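For reference, the chains in residue letters:
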Amino acid sequence: MTDSKYFTTTKKGEIFELKAELNSDKKEKKKEAVKKVIASMTVGKDVSALFPDVVNCMQTDNLELKKLVYLYLMNYAKSQPDMAIMAVNTFVKDCEDPNPLIRALAVRTMGCIRVDKITEYLCEPLRKCLKDEDPYVRKTAAVCVAKLHDINAQLVEDQGFLDTLKDLISDSNPMVVANAVAALSEIAESHPSSNLLDLNPQSINKLLTALNECTEWGQIFILDCLANYTPKDDREAQSICERVTPRLSHANSAVVLSAVKVLMKFMEMLSKDLDYYGTLLKKLAPPLVTLLSAEPELQYVALRNINLIVQKRPEILKHEMKVFFVKYNDPIYVKLEKLDIMIRLASQANIAQVLAELKEYATEVDVDFVRKAVRAIGRCAIKVEQSAERCVSTLLDLIQTKVNYVVQEAIVVIKDIFRKYPNKYESVIATLCENLDSLDEPEARAAMIWIVGEYAERIDNADELLESFLEGFHDESTQVQLQLLTAIVKLFLKKPTETQELVQQVLSLATQDSDNPDLRDRGYIYWRLLSTDPVAAKEVVLAEKPLISEETDLIEPTLLDELICYIGTLASVYHKPPSAFVEGGRGVVHKSLPPRTASSESTESPETAPTGAPAGEQPDVIPTQGDLLGDLLNLDLGPPVSGPPLAASSVQMGAVDLLGGGLDSLIGDTSFGPPPAAAVPARLGAPTSSGLSDLFDLTSGVGTLSGFYVAPKAVWLPAMKAKGLEISGTFTRQVGSISMDLQLTNKALQVMTDFAIQFNRNSFGLAPAAPLQVHAPLSPNQTVEISLPLNTVGSVMKMEPLNNLQVAVKNNIDVFYFSTLYPLHILFVEDGKMDRQMFLATWKDIPNENETQFQIRDCPLNAEAASSRLQSSNIFTVAKRNVEGQDMLYQSLKLTNGIWVLAELRVQPGSPSLTLSLKCRAPEVSQHVYQAYETILKN
Amino acid sequence: MIHSLFLINCSGDIFLEKHWKSVVSQSVCDYFFEAQEKAADVENVPPVISTPHHYLISIYRDKLFFVSVIQTEVPPLFVIEFLHRVADTFQDYFGDSNVGDTLPTGQLSNIPWRRAGVKYTNNEAYFDVVEEIDAIIDKSGSTVFAEIQGVIDACIKLSGMPDLSLSFMNPRLLDDVSFHPCIRFKRWESERVLSFIPPDGNFRLISYRVSSQNLVAIPVYVKHSISFKENSSCGRFDVTIGPKQNMGKTIEGITVTVHMPKVVLNMNLTPTQGGYTFDPVTKVLTWDVGKITPQKLPSLKGLVNLQSGAPKPEENPSLNIQFKIQQLAISGLKVNRLDMYGEKYKPFKGVKYVTKAGKFQVRT
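For the protein sequence lines, the chains are A and B, in the order given.
Under our numbering, think of the first position of the first sequence as 1, with each following residue one higher.
Under our numbering, think of the first position of the second sequence as 1001, with each following residue one higher.
A portion of the hints provided could be inaccurate.
Simulated crosslink set (PhoX-like; lysine-lysine; CA at most 20 angstroms straight-line) [unchecked claim]:
id, chain 1, residue 1, chain 2, residue 2
1, A, Lys282, A, Lys322
2, A, Lys747, A, Lys844
3, B, Lys1334, B, Lys1301
4, A, Lys327, B, Lys1356
5, B, Lys1139, A, Lys359
6, B, Lys1356, A, Lys282
7, B, Lys1223, B, Lys1301
8, B, Lys1186, A, Lys206
9, A, Lys402, B, Lys1262
10, B, Lys1186, A, Lys283
11, B, Lys1301, A, Lys359
Don't read these hints as lab results, they were simulated from the structure.
All figures in this text were calculated on a predicted structure; none of them were measured in a lab.
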């Protein structure tokens, strides 16, 4: 019986039946049922309804069953986040199972559950697994960190997992090292500027040791990581190369190519006189050739890389020409790449062979390939002078075939050959002219016209030939028109007597009847030249042309050096630096080959960058002061949306804004960035609008608010829940009056009017003291700021939590509801200072069970500062004394409904924690008073 | 890393998708289909395609495309190798389109490639030395290019933790070798002995390449004459195959495949041995020859019918030859002995040799 039976089904009430089976007492039956569920899941049926039943099967010691349940969880956790939490306990338990396989399985699955809610529960188990005694568990946990980082980067950083990962690079087990490197590389991808993978000679040694023993995939990560290291001198470079060389014999082509990258890069540091340099060159050839016997997809990537390697160090493969010979059934993308490399390797020694091959290819079926082969013959002629004659005769043979596209390609390349070897092969012009009529491609026509113009004096009927082209002048492409204009001018300068009419004709066609500015300009220039100074015209137009260069399509050397650092990556396939195509171009650090540094001369020279890319190549993101200023000015003029507030004009903020989109997205990714309108800190109650109004509020605010802490505005009602109306807000208290500061934004496409607001009954009777005044209709994309005065005389109903406020907002579109929590200190009244005697009496009077104690951590304030800060929020210090070096503050406050709260605040000098004891007849407020303390003291 | 994976069959249906991070819409495959359409032939679809937001890296295996979606810079070879491994696993698991017997379960071991506690009643170790000859032979019969791609595939069913040493009569032949990770590289470097603790079951021990021209024997020769007359709607086809450097072994399983030019309508041929077919749609001629007996060389002769009025074909069709020689490694590679350490039982050992044609092409 095979597993295929699970896929055969399906009766009515299947889910119901499965549910019963899943809850069966018999283990076998349970397992069968889970298998059926998984089978249904894989074919796309929705079996999420069985979530609780399947999760119940999770607690088993049967490994197979557990794996299946985990598989189910990974699939459905995302769509059922609340239920997924049910599984957390089992994960935590499984992470402590005596069987390491189960521990690893649990931590692996945890990483695959991409539910934000769960992540924080997973931190403790993950931390344990990272330090597990079993390497299998540790290596699995290492990868889990990268997965978690993808879901919640901040959490991973806060939890210190990155440091733990870095420690794992020195683990005793090679697999753990490899996975730690893999995880760090993955994380570094999203933090390009971070120094996650800072390597030193010790860690390099660890990596090299692990390299020999870890899996093939791990080897790739380690090699890619090594390639980013810059050895301090040639000796270190050589010793790394020696230990990397065995990887060239690996069966996995990605390992081979990554090893080639390391060697190509570090070779740069070795002197060519070293014996080892020669040995290394010899060792590089066979593995590269072997890559060409792999599957065609692998061949393609290998060939693109070999193309770079051949340009950088042609000596490596100079004897391997034959492996690049094309087989007729190679895929076309392989054929074209092979051809390119053949030309690069062509030399006097092998040109005969190459030409014979190219001629063979020129009779193949595939048009693209044939064209490229013909062009290749031309390139050979230009590259290897000795072969030029043979190339030309081969091209003539091909022209005799009369195959249209072959003839056209041949003419294009023959033109280049003329330019490289002037006055040598003009005897073939007659043959070329015979094919004039068959040329229908612009490039070929242009090439032919150039030839006729250039050698007009040797072609008897040059004028007739050119005239024939002139008939359809306006139907030609620009390329041909320009060429024809020049050719006729050349002809005129050479044979002025017979061709005057022709030249006038072409000049008038070009200047009067053409819409093309390039053509008109060139026409006018020739006209002016010919009419003012025919001698000068001759000198200009018939000047000796520079010879065309050896190879026209070589990659520019600095780019080539950069690309060598990227061997094996997408950059090497596209022959472009990653900055040119990686999405958003974010934070790409340019790589460069290491400078050659001999060990004798390099004793800690400060010029040699110790690790990573040279410092000079780092992108410079800090703008000069002038730029910053300009930026701030721009901010003022901008529309009143959510720009960074003026108060926060640190250099960084300026820089971020200056660089615009690119870096903004980066910041967004790492979650430092302000999401629009929400978390922008409003200093001193300043509403978040334009920088200019910030400035006003800043000055006025200092006087009136006297330090009352106002929380930044938060989004209370997102636009998507309110048909485009977005409401954010906060609460303030200014000299006895409470207000709700609102910001209404219209994110819909229609105008909003008729605003009104109402509160539900709440614990302290908060109610609007005035109607909601929006003076003008709110147009799309417009934002208004409103301060709504509140009183505390509304109906009272105890809410859960106590400070919950339910609000209804109406406009012309609909009524929307939301709820928010207000900070309790807006209810602390100004006359909350209790008399000392009264305080003592009341303190004693309130039963001890009503006393609650809280710790306020990370608040390094002294008694003085704490007292004054609290006072500005109407928490009054009644008395103060010093007991055994600790300051005790006795404080009182009164809520709007008359409830008194008494407090003892203990401040221990040198300790960042404060201890707060609260006593109140209504102890349910204590928790909220404590929160108010914390908010006030920490802001 | 790989963001998502799509499996696409020949008729363009996406029949399986897997997403590791967020779900990437199937519509991303449209870029792939576009490239496929441009390529005309399925085998010509470029393996790396860039789209505005992703890169698609694909492989083509057994009439299926494995298309992976990539979002960050990653080594494409890593992805391609991995996709081939995925394809291998599917092949293992599904076998002949049936779901396999068991779901694999992991087991911990100190040796990552071998599970602990392996037990067999019959302990056996078999090695297959398989060599393929890749060659291009030109019109005149001389060799343009030839090399041998060899592999040693192992089938090891040994209990416990056996430690094996495999030595060769002539290890010098092997100068360009790729090893399975189980092989101790240092031992090979110093003694030219393959020393390893094998994985359990079937695996590829090494692959190697022999390219030095004088070591690559060409076991068959082909006499051919394919000609088309100018201004006539017919041509002649005449191909004969004979043995060359075959080391006295029988050459069998010979097949000749020829992609005839487009203007060929039909072929009217007579084989002296075996049977032939011509597919007028794909223009592929296949001649199933069988064995060569030196007494009477197999040949295939006859007329080629061309589309009337069409110009004479420019291109010359290449002949693709398949063959097989049992009990011979054409490079001359020979296993000397296999020793086992670490376990006490006596295993049964065996080595088989076979030579085949790889990409063996004769130009005409």
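Results of checking the hints against the structure:
With a C-alpha separation of about 17 angstroms, the suggested pair Lys282(A) and Lys322(A) falls inside the 20 angstroms cut-off, and the hint holds. Taken as a hint, the Lys747(A) and Lys844(A) pair is broken in the structure, with Cα atoms around 56 angstroms apart against an allowance of 20 angstroms. With a CA separation close to 40 angstroms, the supplied pair Lys1334(B) and Lys1301(B) exceeds the 20 angstroms bound. For the given pair, Lys327(A) sits about 17 angstroms from Lys1356(B) by alpha-carbon distance, which is consistent with the 20 angstroms threshold.
Under the criterion of a C-alpha separation no larger than 20 angstroms, the hint pairing Lys1139(B) with Lys359(A) is consistent with the structure, at around 13 angstroms. For the suggested pair Lys1356(B) and Lys282(A), the alpha carbons sit about 30 angstroms apart, so the restraint of at most 20 angstroms is broken. At most 20 angstroms may separate the alpha-carbon atoms for a hinted pair to count; Lys1223(B) and Lys1301(B) meet this at roughly 11 angstroms. Restraint check for Lys1186(B) and Lys206(A): satisfied, since their Cα atoms lie roughly 19 angstroms apart, inside the 20 angstroms limit.
Only pairs whose Cα atoms come within 20 angstroms are accepted, and Lys402(A) paired with Lys1262(B) is accepted, the gap being roughly 18 angstroms. Between Lys1186(B) and Lys283(A) the CA atoms are separated by roughly 16 angstroms; this keeps the pair inside 20 angstroms, and the hint holds. A hinted pair counts as satisfied when its Cα atoms are at most 20 angstroms apart, and Lys1301(B) with Lys359(A) does not qualify at roughly 28 angstroms.
Figure legend: structure checked against the earlier numbered hints; hints not met, in rising order: 2, 3, 6, 11.
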